[in-house]
Amino acid sequence: MLKKILPLVFLLIGSGVGVGAGMALRPAPEVVENETTEAEQPAATVPHGPENPAPEMDYVKLNNQFVVPIVKDRVVVALIVLALSLEVPLGSKEAVFRREPKLRDSFLQVLFDHANIGGFDGAFTEANNLDMLRGALREVGQKEMGVEIIKDVLILEIARQDY
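Quick note on numbering: this note's numbering labels position 73 of the sequence shown as 73, and the sequence is numbered without any gaps.
In short, the hints are calculated from the structure, not lab data.
25 angstroms max Cα-Cα, derived PhoX-like pairs, lysine-lysine:
1) K93 x K143
2) K143 x K61
3) K93 x K61
4) K151 x K61
5) K102 x K143
6) K61 x K102
7) K93 x K151
8) K151 x K102
9) K72 x K3
In this text the structure is predicted, and so the values were computed from the model without any measurement.
With the hints as constraints, model all of the structure from the sequences given.
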């Protein structure tokens, strides 16, 4: 029993230390001002291409990884570790960092639900499985921050550790 709990304890302690270090060493967010005026921006119905480039986006890497336990018969049999980034319009990073605790809570609930329905079993890195997870994460992110802020959720890393 101790052999199964000890790695989980070490992971939680290491994650806690990593969270503390990340928060202590995080640089001040950069404030980027958008220099284009509304008149210079293309109409939303025109497709993007060489003549009409897509609006510039920024990417916000969430500070810490997400750790999701996989439970079978009341026993943790595996851990999923994910790193996420959010696609946002330029100048929206600070707003995301202010709401990060709420976003993390909502994302964790989606990840726990995904784990409970077996989303991390078998070929969990298959494109359809990841698209479904990404869509659910995007949906709750947009619910928390608005569709004008959260454009997409990117899964930067994903790993499964079986016990």
